[in-house]
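Protein chains in written order, with this note's numbering: chain X, 1 to 87; chain A, 1 to 717.
Certain hints may be false.
To be verified - Only pairs whose alpha carbons sit at most 30 Å apart, straight line, appear in this in silico DSSO-like list of lysine-lysine:
1. A:K267 to X:K14
2. X:K14 to A:K137
3. X:K40 to A:K137
4. A:K509 to A:K137
5. A:K133 to A:K267
6. X:K40 to X:K14
7. X:K40 to A:K133
8. A:K267 to X:K40
9. A:K509 to A:K168
Said to hold, decoys possible - One side only, chain A facing chain X, incomplete, derived with CB under 10 Å:
10. R390
11. P497
12. L502
Treat the hints as calculated values from the structure; they're not laboratory data.
For every residue, glycine included, the Cβ atom is placed at its ideal position computed from N, Cα and C.
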Amino acid sequence: MTPLSQLLPGQYGKLVSLSPERAVDQRLMALGLLPGMVLKLVRRAPLGDPIAVEFGGQVVSLRMAEAESLWVDVAADCPIQKPKATP
Amino acid sequence: MSSSSHSPVVALVGNPNTGKSTLFNALTGLRQRVGNYPGVTVARKSGQCDCGEGLKVELIDLPGLYSLSAASPDEQIVIDVLAGNLAQERRPEAIVVVADATNLLRNLFIASQLAELRLPMAIVLNQADIAEKQGLKIDTELLSQRLGGIPVVMTSAWKGEGIAQVRKAIASILKQKILMTQVVWPSELKEAFGKIAEKVQVDTRKTPTASTLQRLLFDTSPNASERLDWPMSQREGVIREARDHVRRAGYNPLAAEPLIHYAHLRKILDGVVSGGLVRALRSAAVDRILLHRIAGPVIFTSIMLGLFASVFWLAKFPMEWIQLAVDALKGVVAPALVQYPMLQSLVADGVIAGVGAFLVFLPQILILFFFIGILEDSGYMARAAFIMDRLFSWCGLNGKSFVPLLSGFACAIPGLLSTRTIEDPKARLATAFAVPFMSCSARFPVYALMCAAFIGPLYGPGWESVVMVGMHLIGLLFAVPTAFVLTRFVLRIRPQPFVLELPRYQLPKPRDVLWRMWQNAAEFVSKAGTVIFAITIIIWALCYFPRSPELAEKIRSENPTLSANEVQLRAQAAGIEQSWMGRFGKTVQPIFDPCGFDWKITVGVLASFPAREVIVSTLGITYSIGQDAEADSQDLRQAMQQAKWMEGPRVGKPIFSLAAVLALMVFFALCSQCGPTIATLAQESGGWKWAAASFFYMTFLAWVMAVIVYQVVVRLS
Ligand SMILES: Nc1nc2c(ncn2[C@@H]2O[C@H](COP(=O)(O)OP(=O)(O)OP(=O)(O)O)[C@@H](O)[C@H]2O)c(=O)[nH]1
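Chain X with its partners taken away, still in its complex shape:
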């Protein structure tokens, strides 16, 4: 498991866990970012922060400090797919 902020641009990961008590994570969950979802770090901003993340057919900008509580399993090179329903 690695924090999302450590993915390389272009890398995919599967979300393992987030911290629902944080306001950022609550917003992301409302956008549909839930455990089990595959996401992609699209790019970093020119100054290194924030990062652009793609999931569920949308691209979202996130600050590095806010992406640290998101833990992902790095997926070798899997395309974005429809996430499975999670309990």
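Given the coordinates of chain X, work out where chain A with the ligand should sit on it, guided by the hints.
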């Protein structure tokens, strides 16, 4: 008013950027009113919508939001309006959810939350044109059936397609009261709701709605319990207990809501959407260039330079025309009233000048909002914020603070208005506080006069430019720590996470851009404009009264050799000396003495509180050069260079020493000397509290810095 107060209220709700406003405009046409919800800076838009067969409804366009979690003022307003919590608002009888057809799952999350309110509902799938281009097929009939039979309508709001069906859908849900299918809560959650409901009933004797119970169980913010007047001490235990109960069932109580809704929606959407797996590939390709490590910032800088140049230079021409028109009007009206000097002055320097005082801001506002419209509608604004965020995040602002601050270098008014593009209320207020520090173009004449009259002649053009540049940076130097302290220690607003959607690129529609320009300008004129007008009249009166009509006579009889023109100039100078403003200036001069200001400068400083550039013409009057003096007036420069202290400890020394000149410029760089800015800040921050805070803070800071500069430079030289 009377007819609309009987018509049912229907609310438009949906995610940001779905085309909600566009649909609202299409449904209401020009019959709409824009205002604010009381006490908050959330815009309130309402309008009349004709739904056929004589049915007229009052449509309200609620702020775009992703969730009902009550984390931001926008979200809280939506909850309060829909629950009928606001005294002045009639409760909506139905909800129209606007969803982006290209991202149905996410857009239906809010609909699923809204279903808990048990209000009749219809769903509009907007941006059908894009969905079609992406090859998406949506089975609206199946979707409607799965959602409990509520109407589901496909539209392309900006092409006007499907609007008639939306009207029909509104009429049918009002008549048939069709409700959307609710999510099925697992039994443990139902039990948790039950526990809370019981305790609420005991403690407050109110019966909470299902939606309120969800907010109490799922939200970390205390808003829901505050609405019930349910004190912390009473609720803490039962909410913890209820959450523990949810946890035992294997759900994290703070994550249960989205998990359950999304699982429910995935089932509903199964088989409804097909095709269109190709996501907007084109946007990704454009991003590769516009967000490129090197090309990105270069393009960004060029776009922003273009924006700034337009607001700064392009606006100058129409501003000059307005000035010319104002002067021409004065030229026509003044001679007609020459018999009545007081009335003449009131009309020319009060009324006409007062109208001119807010009209001159229109060109800059229109131009800036033209650019903002293009940047937002094209999708670039979010990218600009993405590029710039790093530079602003450390002091509590965010990437969206850039455009307002940049515009502030041309003029604070459009800069303040553009803080509306910042979603986070905390960063918005802090940015609005920082904008007036930016060295606007009205400060320029002051620097120019001082530099040309004193710095240049004494130290050469090299130092003149150094001082000029320094003065333009000094405001920024103070604005940044101010924002830092404000967001860190002063503002008690919950910061919003900077989670920003990077929307798909698209060509802006000229009609939408123009409409937004017009709306912002109209709001400025009707709100801030009236205040600016009033301020101008008040200051005019303070500078005019009391004035003895024999002043000119007296000067003529004492100096029979003077020409008529000179008599008039001297009479003007004597008049302002006698006025309330002049007297006040003399009285408070001791306060400004430590900055090295004499009474004339003090009057100039005081008279320029409504508009800082007035200092030049006020100095023109007090030095008997005439009020038409400009920054490049040789006579004014000479008069100032020769001005000496007439009394006091510095008698015989020049008033405009290096120390006093620098102190004066620093004072002007930092002081809040702009009535329109204060009026606009009040308009944008939702009350006079922050406007007053900004005024006193900047003015005090300016005074302190002027004293420091004067005292240090005097001792050094
Ligand atoms: N392609 C397409 N674009 C649309 C349509 N309707 C609106 N838009 C565009 O979508 C963008 C957002 O539209 P708005 O009406 O401002 O959206 P909103 O939901 O009110 O957004 P907020 O003001 O952020 O809440 C604008 O650029 C519109 O021009 C549509 O039917 N098709």
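message: Under the constraints set out in the numbered hints, which ones does this structure not fulfil?
response: none
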